[in-house]
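Protein chains in written order, with UniProt numbering: chain A, 1 to 272; chain B, 1 to 309.
Hints listed in this document are in silico derivations from the structure and should not be mistaken for laboratory results.
Some hints here could point you the wrong way.
[To be verified] Here are the simulated SDA-like pairs of lysine to any residue, each with C-alpha atoms no more than 20 Å apart in a straight line:
| # | chain 1 | residue 1 | chain 2 | residue 2 |
| --- | --- | --- | --- | --- |
| 1 | A | LYS106 | B | LYS23 |
| 2 | B | LYS306 | B | GLY215 |
| 3 | B | LYS21 | A | TYR133 |
| 4 | B | LYS182 | B | LEU235 |
| 5 | B | LYS23 | A | ALA136 |
| 6 | A | LYS226 | B | GLY53 |
If you want the building blocks of each chain, they are given just below.
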Amino acid sequence: MDTEMLNSKAKQLRADIIKMLYLSQSGHPGGSLSCVEILMSLYYKVAKVDPANPSMENRDRIVLSKGHACPALYAVLADKGYFPHEDLWNLRQIDSHLQGHPDMTKTPGVDINTGSLGQGISIALGLAMAAKYKKADYKIYAIVGDGELQEGLVWEASMAAAHYKLDNFTVMLDHNGLQIDGSNDQVMSLGDIMAKYKAFGFECFKVDGHNIDEIVAALNTPVSGKPKFICCETHKGKGVSFMDNNYGWHGKAPNRDEYIMAMKELGVTVNE
Amino acid sequence: MSESKSLRVAYGEALVELGEKNKNVVVMDADLAHATMTGMFQEKYPERFFNMGIAEANMMCAAAGFAHSGLIPFASTFALFGAGRAFEQIRNSISYVNANVKFGLSHSGLCVGEDGGSHQSIEDLALMRVLPGMTIFVPCDPLETKKAVFAAAEINGPVYIRVARPVCDTITTPDTPFIPGKANIMREGKDVAILATGLMIPEALKAADMLAAEGIKAAVVNFHTIKPFDADCVLKMAEQCGAIVTAEEHSIIGGLGSAVAEVLAGNSSAKFARVGIKDKFGKSGKPAELFKAYGLTAENIAEKCKGLL
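Make a model of the complete structure from these sequences and hints.
In structure tokens:
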């Protein structure tokens, strides 16, 4: 897929996200829209995965530690063919396999249950340690949110990743700067994140988190003997003008007017 | 004469033996390998041992990662820091997805003694009991500890093993069955049934001796498994004896006594009393002194039995 096709795919995935949230009338649009390109870089470009064989032994493991952004993950998985596209419209409904937060026991393609912040990166650490122990060559990617960095568990896991020299382990930060109660700086300042991760022993990269080429370049840069950290600078609510960089859209579903407006911006006309 | 041994040493030895037989077993600890005795496994199989540092929450989630990679991790630390501090990690990352993680959590209950209330886990059974799919073993002696470790490895899903610290006499035999979810009747009796677990088993047997001297025939039942719970056995003993006394080295809320009460309520008119720690924290002291101060003694169990007759 070339850059132009990927950008048009990103728009289509964002439209799927908005429609899912509108139909379920609940969920988290802001952080879902901000991590679309991060997920695409993995699922469309870098990660070794097979939608026809979701539990392939040697697949790369992708852990969406910021589990509340799962509408983005579900949109990607459906597009990749892990399950029928129309399943997306049952997000968060009773008997749907698409739970409010990712559930590996229900959804094909979800590698790890997440949603309780901090735990995904820590489970991913265990996956990476186990892969090293088994001398397997698959890689583990953990996508964390910036608000999530306030969880102490993130730093416990990060300390261990460097200690065990996990060069099969990449932490990708969706750095949109906002969380439920406001900006990171208002709620609990994160300080110099790059310096922190460097001090924790990671090889660190900073990229435009909406530029797939840049993310892929960082993902493909080889590291040896240490884990990798990629700070992806993003916009919460990316792609929908009235949600863009607005923390009010962290966990609120659009009403009908907002839905029609958002879909129009994403190139989809909704019949009124 | 049967062998006496600390249950944590029995745990360490069992891990070494299990590790020899099952190459998928790995062991994790949070900087307490010399106290939980996982250090014995580390010495034998250094490549299969992972020290996670003083970071219990991370150890539990990482253990889930090992389990999802086809391995069988045994994660150990003190019971309070495992079941307590890392409760939500165990709940969401392990129990919620039935991850195949085993917990050998030591220094449970008042038997930690001198370390005091901050280190005495008297609520771990309550915390683990509310988790769907969790199996809970409370071994009473070195042999049962070994059986619990081997049984845990055969179960597909999380298993909590409560490992007590003190040196304990061996009171079961190699032939004593250890069937998960099935209580063992250690002594028959028709007047009152003492349902006990872990370190309270020897006290219960002593209490039965004391009662026998007064002509009271007390049954003693070993609930080595707290979950899944042997409700059939509780109802059978209730019908047979008409009086039930539970005994546990745990808060009187949420542990064995509560499990028995949940079975009896609405199903039996048997008289019922509980011996346990009465909604209080522990404190420093020698284990025997603490057991006495908190009523975890044969004398108190016998007293409670007589109170029902």
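Going through the hints against the structure:
1. A:LYS106 to B:LYS23: Violated. LYS106 (chain A) to LYS23 (chain B) sits at ~30 Å, over the 20 Å cutoff.
2. B:LYS306 to B:GLY215: holds, 11 Å
3. B:LYS21 to A:TYR133: holds, 18 Å
4. B:LYS182 to B:LEU235: holds, 13 Å
5. B:LYS23 to A:ALA136: Roughly 16 Å between the alpha carbons, so the hint for LYS23 (chain B) and ALA136 (chain A) holds.
6. A:LYS226 to B:GLY53: holds, 18 Å
The structure fails to meet hint 1 from the earlier list, while all remaining hints are met.
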